[in-house]
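Protein chains: 6
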Amino acid sequence: MLKKNVETFLGCDADYDEARLVIFGAPFDSTTSYRPGARFASRVMRAESYGLETYSPYQNLDVTDYKIFDGGDLELCFGDTELALGDITRLAEKILGDEKIPVMLGGEHLVTLGAIRAAVKKFPTLAVIHFDAHADLRDDYLGAKLSHATVMRRTYDLVGDGKIFQFGIRSGDRAEFLFAENHTRLKKFDFGGLEKVCAEVGGLPIYLTIDLDVLDPAVFPGTGTPEAGGVNFLQLLHAALKVIRSCDVVALDLVELSPPYDPSGISTATALKILREILLALSSK
Amino acid sequence: MLKKNVETFLGCDADYDEARLVIFGAPFDSTTSYRPGARFASRVMRAESYGLETYSPYQNLDVTDYKIFDGGDLELCFGDTELALGDITRLAEKILGDEKIPVMLGGEHLVTLGAIRAAVKKFPTLAVIHFDAHADLRDDYLGAKLSHATVMRRTYDLVGDGKIFQFGIRSGDRAEFLFAENHTRLKKFDFGGLEKVCAEVGGLPIYLTIDLDVLDPAVFPGTGTPEAGGVNFLQLLHAALKVIRSCDVVALDLVELSPPYDPSGISTATALKILREILLALSSK
Amino acid sequence: MLKKNVETFLGCDADYDEARLVIFGAPFDSTTSYRPGARFASRVMRAESYGLETYSPYQNLDVTDYKIFDGGDLELCFGDTELALGDITRLAEKILGDEKIPVMLGGEHLVTLGAIRAAVKKFPTLAVIHFDAHADLRDDYLGAKLSHATVMRRTYDLVGDGKIFQFGIRSGDRAEFLFAENHTRLKKFDFGGLEKVCAEVGGLPIYLTIDLDVLDPAVFPGTGTPEAGGVNFLQLLHAALKVIRSCDVVALDLVELSPPYDPSGISTATALKILREILLALSSK
Amino acid sequence: MLKKNVETFLGCDADYDEARLVIFGAPFDSTTSYRPGARFASRVMRAESYGLETYSPYQNLDVTDYKIFDGGDLELCFGDTELALGDITRLAEKILGDEKIPVMLGGEHLVTLGAIRAAVKKFPTLAVIHFDAHADLRDDYLGAKLSHATVMRRTYDLVGDGKIFQFGIRSGDRAEFLFAENHTRLKKFDFGGLEKVCAEVGGLPIYLTIDLDVLDPAVFPGTGTPEAGGVNFLQLLHAALKVIRSCDVVALDLVELSPPYDPSGISTATALKILREILLALSSK
Amino acid sequence: MLKKNVETFLGCDADYDEARLVIFGAPFDSTTSYRPGARFASRVMRAESYGLETYSPYQNLDVTDYKIFDGGDLELCFGDTELALGDITRLAEKILGDEKIPVMLGGEHLVTLGAIRAAVKKFPTLAVIHFDAHADLRDDYLGAKLSHATVMRRTYDLVGDGKIFQFGIRSGDRAEFLFAENHTRLKKFDFGGLEKVCAEVGGLPIYLTIDLDVLDPAVFPGTGTPEAGGVNFLQLLHAALKVIRSCDVVALDLVELSPPYDPSGISTATALKILREILLALSSK
Amino acid sequence: MLKKNVETFLGCDADYDEARLVIFGAPFDSTTSYRPGARFASRVMRAESYGLETYSPYQNLDVTDYKIFDGGDLELCFGDTELALGDITRLAEKILGDEKIPVMLGGEHLVTLGAIRAAVKKFPTLAVIHFDAHADLRDDYLGAKLSHATVMRRTYDLVGDGKIFQFGIRSGDRAEFLFAENHTRLKKFDFGGLEKVCAEVGGLPIYLTIDLDVLDPAVFPGTGTPEAGGVNFLQLLHAALKVIRSCDVVALDLVELSPPYDPSGISTATALKILREILLALSSK
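Residue numbers (my numbering), protein chains in the order written: chain A, 20 to 304; chain B, 20 to 304; chain C, 20 to 304; chain D, 20 to 304; chain E, 20 to 304; chain F, 20 to 304.
Next up, chain A with everything else stripped away, as it sits in the complex:
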């Protein structure tokens, strides 16, 4: 008898019970104010992963040697933000409750809030390491409290002063940078000081959120709001591996890939390679 068509990120075909890492997609971009499309990211990443090797020459590790589960994409409501965030939170709670690590693929950056709500509930001392081109610290955006542009501010409401560590930031309004001076740790433009931060937060549970637009638009054109002057692939790779290897990462996400703005597919290919390396670093720990 033939079997149904199962589609997973490359090599991630473990059953849920045996897996320590759980991938899921959060295809939502309803608050994106400028160029939508991040909703397609997880679907396209899964399809395009066919072109990626499971073996990493960077870490000399292979995805097929580990147990990783891919649960596919949530079906999220467009137009009712709280409804969508609720669905994300419920799934993240289930995964965390089963002592597994959720690896969420956005969607726009607001989906991070759904997962952080779950993580902070289980880990009240949660700290957040945040790679991004944008500060995302607005208090509201065009009147909305829940927005891709406010997600780190809402996260701040949950985790409080000194618990958010931001790197690569090169865009925001003046008020956001002022807010950061008093309430978060923000490194402009690059990953300077990351090593020190990792040492400091060693004892805390860490949520790692990677807005892929931290990358330079040259290598990552497929995103809603490209910002010239970003980091390159190897810089992001090394920064992510640094965090995973030296901190207690309990959950993470990759957000803001927008495939419609990526006709050559290099942004998706780059996101996939970052994801592969992250999965390997987490699995081999």
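Don't read these hints as lab results, they were simulated from the structure.
Please note: incorrect hints may appear among the correct ones.
No distinction is drawn between identical chains; accordingly, a pair holds when it is met within one copy or between any pair of copies.
[Unchecked claim] Pairs of lysine-lysine residues, derived as DSSO-like cross-links and limited to a Cα-Cα distance of at most 30 Å, are as follows:
#1 Lys206 with Lys22
#2 Lys22 with Lys207
#3 Lys207 with Lys119
#4 Lys23 with Lys304
#5 Lys23 with Lys215
#6 Lys215 with Lys22
#7 Lys304 with Lys206
#8 Lys113 with Lys23
#9 Lys140 with Lys22
#10 Lys164 with Lys182
#11 Lys215 with Lys164
#12 Lys182 with Lys206
#13 Lys23 with Lys86
#14 Lys304 with Lys22
#15 Lys113 with Lys164
#16 Lys261 with Lys206
#17 Lys22 with Lys141
#18 Lys113 with Lys207
#19 Lys23 with Lys140
#20 Lys261 with Lys207
#21 Lys23 with Lys207
#22 Lys86 with Lys22
#23 Lys141 with Lys23
#24 Lys207 with Lys86
#25 Lys215 with Lys113
#26 Lys119 with Lys23
#27 Lys119 with Lys22
#28 Lys22 with Lys261
Small disclaimer: the values here were computed from a predicted structure and weren't measured.
Use these hints to put chains B, C, D, E and F onto chain A, whose structure you have.
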């Protein structure tokens, strides 16, 4: 002294006070579940109108002979649907209150609800003539009551039985078609019976809403949910002119152009020509 | 416990055992001489089917009311044509052996030969109804006997004189049209005479192969070799339903959708609607 | 010894001396005011002709049976219009002087003026049959006398009253349509009356200029200024064959294909098929 | 009463009288010999500026704190180069005459000549700092004296020996590089020696012309003639700020963005960020 | 009498007999498993070379000063790999037999095998220098021995242990990297050690094969399988010049440009510039 850069739909450069027709854009597509992009329609239409003649060989009329005001686009909140609809309603009320005819450029189809709320307040006997590929009669969509897929149902909640006249419909779930049998007048696939409907509703104030995906995807590929088997340009043109000439149209809209799915620009060019003909028909009445 | 990610054509989520129709993809375009890309068709159709309703207003039927199985895509070898065809034949034999109807999604037109080899083995009197812009009757193409341009000639080698019925043909070299005069029944440009053919072949098992480029490029631009002057959507829809309703269709395929040449997505949407209608017509018989 | 790479429109590989038809490209679009790109048309047509059969099922004729020469593209100056037109005129004069028929591939429509200057010099009674969406009868355009929008007016200056026959026109300003009433014969929207015109001009030498945007944008999206409501492929095909078969065509052109606006390539494919049929009709006369 | 739709580059909504900087667009690319499209740059930059913050983390300055006027785009004649240049010169003269700094957005590089003609009239000792991939020093191009490829040669005709300083040049014919050896100061490939040049020209009025193709195609793919091996964003940013801060810049331009070759939009986003930083550096001086 | 249209890579218009370098295209991508399109590379490179200068500021040399012959493209069979490779081998043998250097433009990487078969026959001690992102050392791929993914393994079968020198490799399965440890010299990620290798192989005839995906996707997005983390343009340029200047290069190729994934054209432009520099370095030796 140099003047600021004013951008309007071609030839529509009257002042507000002297105009009878008022164009405005409603760049919102936050509830679009499939392929977003309608948010860009009004902006792109205004820019591309440079390639269109003001003169119509169909009606032997010229836009420059009439007073039409173009107020530009609303700045709408993404992610909070009621907030966005409220802004649309307020502007439509202002225009209707000044005894002018609002001509709204979407955006997704849900923006129509914002304008109809204003129209039904001023004209309690309002009837709605609806050209579309989709019935849009769902009661909710993925849990949301306000959605592009529910807009005619919400309109029904406002205008009641027998006041919605639907043409060209070729997509929906079974429940929508059953609902239509009892509560609206729905003609599948084409404009058959339009003349009779126009005669019937002659005495009522009419809101005309044109979802441009009623057109065949061949001539109108740039839309969120293309449905093969639609009407052609001339059929839509004649249907729209028929309604305008024989009914008391108090407000209208053109929705669901999605420029990102229109690399050749023919969808935008077609939408512009329909708009030009509508403006001329309304103005010369 | 969470379940793995199953992706099927919309609503086709029956188990294999209970299904009468079995969908599978044959992502192969290795012999395409001009513009490759048909290899992506089945994958893209499955993904984009999310935008299609399960209900048909044409037939007043719903896909969710029937048991249809979608087995996903074969993994076919590029560069070794016989290897790829062998895999297709084996799967089609399995499905036919289980008394089910294979519904194959190409890929280029050569994949049809793989399925016909299976069908003619089980049904030695098999006749073939062929909708296409191209005759595909060359004896070889640039030295290759197995090619998208020779598929009907190779089919002829299997089924013999007078068993191939071709419609819509508007491209080929002179020799192909001469061959057709003596060995197949070929109607140029449209479906004229289809009704008569259906009556004639009533008693025979029928393989229906639909090269979607029989459609006019206006509505179906996304194909390897677009040929102006084709049929429209409704003509193809009615022709396909005519064959299914009046003949004993034992297997069928849809081929030559090439998504990379379809930036607006209307070709995929049209192919999906044809597929939905075919599934409904076969299921409700 | 290996030979240099010769590239010609399919099958048109005769030497100049033996050919009766001479193809050349005029890659110029410097006056295009809206969307440039027609400069690429002849080059892309030549490259894409690889995907076209030499045999026509419409006329049962084959290009390989006739002697046609393809001289490649002129290298024209951008930014100095008279310089470019002069080069076109000189080449057309050479071809006409050798008693051959020039078949020019644009480029924007202004290139027609270069060829007509040559034709009217050799044939002082020249009449012009003009298929187009646009009247092109402006006297100047943004201050320029030489423009794609003035080409028929400049032609009028050369051939005079009653010698220009325009079909398919559906765009222009009011003054152009008024000018046409007095000075040309203009049929709006379609080819109505073409048969009668062909009868009338039977004795005159004819220049046939086909602006391909006379076609509906559905089948011909790749053009600078698409105008909804055009003719379809078969209507244009039959009109062109009618003129060629019943008139004394001494020169012709195909203009305004703009490949950058044609990502699917259907416009180029359609232009190529029209060209093939024209070459066959002229050759077999 | 509603106001007309005013569209400006982000935050640049001062009235003309109060502004020190005056932005205007010169949408002209008629002499572009290879890939046209720069005509769309100013329009697209204005529209896309919606996605850019007004605040710069590089300079800790905000556009909204300064008075900048955006006059929109000139309507330039295509096909008559001198006519177009004349319109540019007249506007630049007006702005310079009012003791303001013109900031011109191209268009192809030839538009620079229009502005330099005005600048050299007011400032007879004008020197020109030129960032570009191309030398643009040809004496004529395909017979035309006025061309994007000759613009620095025509500028040389106006300002004379030793007054043009070229940086980043990596393309040209041999004669251009020989000409530069004797008549301009040309640094190949990068900005080496810029600091020294700025010191030297300290006393002179400076026209700064930035052909954005000086950037590497990786970060700036959307240009007519991309040349591998360019500078990166930060290098250009620092070079531009260096000139503005240490020289007396009396006029400047940004040219050769070609949005049609920039489907991801990163070129436009990069151009906008350069423009923002330039406006801030000029304003805060 | 007019001459036929000859199209060559820029400036390469020598006759075969007088040329030392012979360019030809091998438009084949039939085994490409992921994203086809490399078949179009040579054709597009030839057409786009119009936008490139013949003069190199890197080497101060000009293509027009040398005798280079461009033979156009082979017409290769799709779907029968051995047939295609045979055609390539025959042409390469002819060129090598005439004591000329073949410069082959792919196509996918498998075409290299065709040329190496010819080279190794003439030069039994042939060594291969290989720039690539991928190891290409699989023994078979989806059952096929001849594949883009096995080309260096098949080359190994011909040249044996220690004769293949691989640089820039950053993708492959584990077995490939293990194979390389024992049988080839493989440098991961970059060109480290190239100088030493050049010294070592000084006495041997060298085949240089450049898979352009060794470049970072930022500057070379147009390829079938983009791999983040590659070398930049100048690194590749200097590595190629190093090999040509210090080794006895008897044949070379550039493969895996895939124009359909390069909408901005920067990949083609970069490939052209690499080709120009290689032709100049070889010619001036």
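To see whether the hints hold, each was checked on the structure:
With identical chains, the CA atoms of Lys206 and Lys22 are never at most 30 Å apart, being 50 Å at best within one copy and 40 Å at best between copies. Taking the closest pair of Cα atoms, Lys22 and Lys207 never come within 30 Å of each other, the shortest separation being 51 Å inside a single copy and 39 Å across copies. Within a single copy, Lys207 and Lys119 get their C-alpha atoms no closer than 33 Å, and across copies no closer than 34 Å, so neither meets the 30 Å cut-off. Taking the shortest Cα distances, Lys23 and Lys304 sit within 30 Å of each other only across copies (25 Å), while inside one copy they are farther apart (33 Å).
With identical chains, the CA atoms of Lys23 and Lys215 are never at most 30 Å apart, being 49 Å at best within one copy and 40 Å at best between copies. In this homomeric assembly, Lys215 and Lys22 never come within 30 Å of each other (Cα to Cα): the closest approach is 50 Å inside a single copy and 40 Å across copies. Taking the shortest Cα distances, Lys304 and Lys206 sit within 30 Å of each other both inside one copy (27 Å) and across copies (27 Å). Taking CA atoms no more than 30 Å apart as the test, Lys113 paired with Lys23 passes in both settings, with 25 Å inside one copy and 15 Å between copies.
Taking the closest pair of Cα atoms, Lys140 and Lys22 come within 30 Å of each other only across two copies (25 Å); inside a single copy the shortest separation is 39 Å, beyond that limit. In this assembly of identical chains, Lys164 and Lys182 lie within 30 Å of each other by CA distance solely inside one copy; the values are 21 Å within and 38 Å between copies. Neither within a single protomer nor between protomers do Lys215 and Lys164 lie at most 30 Å apart by alpha-carbon distance, with minima of 33 Å and 49 Å respectively. Taking CA atoms no more than 30 Å apart as the test, Lys182 paired with Lys206 passes inside one copy only; the shortest distance there is 14 Å, against 42 Å between copies.
Both within a single protomer and between protomers do Lys23 and Lys86 lie at most 30 Å apart by alpha-carbon distance, with minima of 21 Å and 13 Å respectively. In the homo-oligomer, the alpha carbons of Lys304 and Lys22 lie at most 30 Å apart only across protomers (26 Å), although the nearest pairing inside one protomer, at 34 Å, exceeds that limit. Taking the shortest Cα distances, Lys113 and Lys164 sit within 30 Å of each other both inside one copy (26 Å) and across copies (28 Å). Taking the shortest Cα distances, Lys261 and Lys206 sit within 30 Å of each other both inside one copy (16 Å) and across copies (24 Å).
Taking CA atoms no more than 30 Å apart as the test, Lys22 paired with Lys141 passes between copies only; the shortest distance there is 23 Å, against 37 Å inside one copy. Taking identical chains as interchangeable, the C-alpha atoms of Lys113 and Lys207 are never at most 30 Å apart, the minima being 35 Å within one chain and 41 Å between chains. Within a single copy, Lys23 and Lys140 get their C-alpha atoms only as close as 37 Å, which misses the 30 Å cut-off; across copies the closest is 26 Å, which meets it. In this assembly of identical chains, Lys261 and Lys207 lie within 30 Å of each other by CA distance both inside one copy and across copies; the values are 18 Å within and 21 Å between.
Within a single copy, Lys23 and Lys207 get their C-alpha atoms no closer than 48 Å, and across copies no closer than 36 Å, so neither meets the 30 Å cut-off. Proximity of Lys86 and Lys22 under a CA criterion of 30 Å is satisfied in both settings, with 21 Å inside one chain copy and 15 Å between copies. Taking CA atoms no more than 30 Å apart as the test, Lys141 paired with Lys23 passes between copies only; the shortest distance there is 25 Å, against 36 Å inside one copy. For a Cα distance limit of 30 Å, the shortest separation of Lys207 from Lys86 across copies, 28 Å, qualifies, whereas the shortest one inside one copy, 37 Å, does not.
Proximity of Lys215 and Lys113 under a CA criterion of 30 Å is satisfied in neither setting, with 33 Å inside one chain copy and 56 Å between copies. With identical chains, the CA atoms of Lys119 and Lys23 are at most 30 Å apart both within one copy (26 Å) and between copies (16 Å). Taking the shortest Cα distances, Lys119 and Lys22 sit within 30 Å of each other both inside one copy (27 Å) and across copies (15 Å). Neither within a single protomer nor between protomers do Lys22 and Lys261 lie at most 30 Å apart by alpha-carbon distance, with minima of 41 Å and 32 Å respectively.
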